[in-house]
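> Given chain A's structure and the hints, the job is docking chain B onto it.
Residue numbers (the working numbering), protein chains in the order written: chain A, 527 to 964; chain B, 836 to 1172.
Some clues are possibly wrong.
Stretches of chain B that chain A covers, calculated by requiring three or more beta carbons in the stretch to come under 8 Å of a beta carbon on chain A [to be verified]:
id	region
1	990–1000
2	1014–1022
3	1072–1086
4	1092–1103
Once the Cα atoms are required to be at most 27 Å apart in a straight line, the calculated DSS-like pairs of lysine-lysine come out as [to be verified]:
id	chain 1	residue 1	chain 2	residue 2
5	A	K697	A	K779
6	A	K867	A	K697
7	A	K693	A	K807
8	A	K807	A	K829
9	B	K967	A	K947
10	B	K927	A	K761
Calculated directly from the structure, the hints in this document are not laboratory data. From the three backbone atoms N, C-alpha and C, an ideal C-beta is built for every residue, glycine too.
What follows is the residue order along each chain.
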Amino acid sequence: MMKKTPAAAIAALGLGVVLAAAACSSGGSSSNAGGNGGNSSSSTSPVTLTFWTNATPGPGLTFFQNAVKSFDAAHPGVTIKMQAIQNEDYDGKLQTALASNSTPDIFFQRGGGKMLAMVNANQVAPLTLTAADQANISAAALAGETLNGKVYAIPMDQQPEGFYYSKNLFKQAGITSTPTTIPELEADVGKLRAIGVAPIAVGAKDAWPAAHWYYNFALRECSQATMNAAATSLKFTDPCWTKAGNDLTAFLKINPFQTGFLTTAAQVGAGSSAGLVANHKAGMELMGAWDPGTIASLTPNQKPLPDLGWFPFPSVPGGAGDPSAMMGGIDGYSVSPNAPKEAFEFLEYLVTTPEQEAYATAFITLPVNKAAQSVVTDSVSISALQALNKAAYTMQFLDTQYGENVGNALNAAVVNLMAGKGTPASIVSAATEAAAKG
Amino acid sequence: MSDTVRTAAVGRIRRGALHVGDAAHAASPTPRPRKRRGRVRLRLEIALLTGPAIIVFVGLVIFPVALAAYYGFYKWQGYGPPTDWVGLGNYKVIFTDPTFQQALEHNGLIVVLSLVIQGPLAIGLALLLNQKIRGRALIRVLIFVPYVISEVIVGTGFSLMLQDTGALNDALHNIGLGFLATDWLANPNIALWTLMAIITWKYIGFAVILMLAGLQSIPDELSEAARIDGASYWQVQRHITLPLLGPTIRIWAFLSIIGSLQLFDLVYIIWGQYISGVAGTSTMATYMALNGRLAGNYGYGSAVAVVMFLISLIVALCYQRFVLHRDLRGAVTQGVN
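The following block holds chain A by itself, in its conformation from the complex (with noise of 0.2 Å):
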């Protein structure tokens, strides 16, 4: 008994030992065994490509569903993985992988700083488009996704910003037309609340929502070279950033937004701010062009607002930046750089005519290919559409443009400044301070 007993012991140990030296080596090498699979890889032989989207269940995903079923009849021997993956998880995941070198093949990409970021760290494929790309990707979309003169993005479509607003609700307090200055969104602010809603609704819990605020008035303010020099500089000492400061205080002075804005969610529930806009509670919202959808999926029968209209962003009298310029944001799509080429033809195949069509129709969105716009068709989406057509040129959201961490730093100053407790220097101090920490 007393010699049995070390002997199993002994036996039970080893035996966990190589349990957890194998768990351990299996895992490592399946992930190896994914990336040298796709590098050895030719057309011939199969090749699997892993491919993530933030595209949540419904049309959307059901459009990249179809999408893979029908590349992987047409080419034979590859077979797509896809994952859907939650939109606010995703920038985490795709953090672990890229560092732990298990990229997917194929996978969403928010682009601006975020994408210098994987750039720089060559964690992304640069991309050589055909002229038949090029015909199909319009040339604003595409050159947001291109650095240092590489394309490193297939955009798939475009977000312009602008207010969404009830036409009942902008009848029922008397104003004929949309507002195209501060002045006159300010004198409609009053309007609106004389009939009883608030006037405008904001997420500011969410932050971004109300950092969109900031970054419309500073469009405005800057000009574009301006705004282009700040990505690459991160220095915000060029007078308009703090006027845009300015404007914005100015502006939260008539108390434009809902009571509680802080504490509002921007896209969850009955109480958030597309919320309000989708049961008459606000007048309108600046919103990306997503926000249809959003507030068609809020409104008591879940249907679109039928009165839904769209204008964009005012012009501020004696600004710098072209009235007519747009922010917005490109969902766009990457290639790891150890992905077989089979990867970049599945994204080139996603901006051909009818692809770009079903993506328009199942997302509700503004196609990149402007050969597909004409299945846009409700008059939100064409008012939006019109205006992007005719915009001088187009910013990035600016939390995109200039990088996760000034990004961020961005958009808690812009908070801090809409609860009272900052002022328009402390945001521009904010992004030096984010310097310091990353």
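For chain B alone, kept in the frame of chain A given last:
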């Protein structure tokens, strides 16, 4: 009278503690002369029994802490291996950042307020629920239910109810107390108290269950004897129950302090990613999430994690050394006698 009772009670604790100590003492591998084979066997047994736990602990606790310490010396965005060595630069920024100091202050307040509010409340409820009263089982369940509900659900529920146009303000208006309606979440003068109310509601059940268990391990003979000697109900509670509940209270306080220092989920869900700082409810953990994860500064975030770890460690060690030592004597140290 009450003095004799107290001595008896204290005497009992001492004896109990000594007893535990002796048991631990006997089981620990003291360098007593023994036969070699016996020693090998003992070592093997220890290795076998502690091995899995040590592997898990090292792999999931020590290793990540060491990694965080390593990353904390770099400016690192999370892409590829860290290269931008900044030494103690991140730590310098942390300790000079006013928003971190505010978060630390909030953490301190939450620690103190949790102890001051929840402690007496939990003891009172436990004493009440230790009586034979009608519906005792139901009340016990009701008090414990909030603790079982996931933090995410609690957070989402309260954030909806406490909004300006939420259920609470609506109810206040409807019962004619409209003047009490306020901005429960965003007003910096109120938000921390709102948070304390939610924390108390959420975690009081756990404290009550602990105290109840402690109460039930106190032999009835002691209070019976005291009552025969003429002690009133309150005298019994003050001089018998409370001292004997001491070890339970100290352990609960320890758990509460550590929980308060690391508070994250409720704040993050109710106040979102950015508003907690403005509302005065930010904690070290939400600061870490905002400036590490959301800003993409994984090096800086790791440094914040290390600071949090060290603060918690120091508090825990001090608490063990100065408060818990009488409960743990013999169990963690050895060779006192």
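> Any hints this thing doesn't respect? Which numbers, in order?
3, 4, 6, 9
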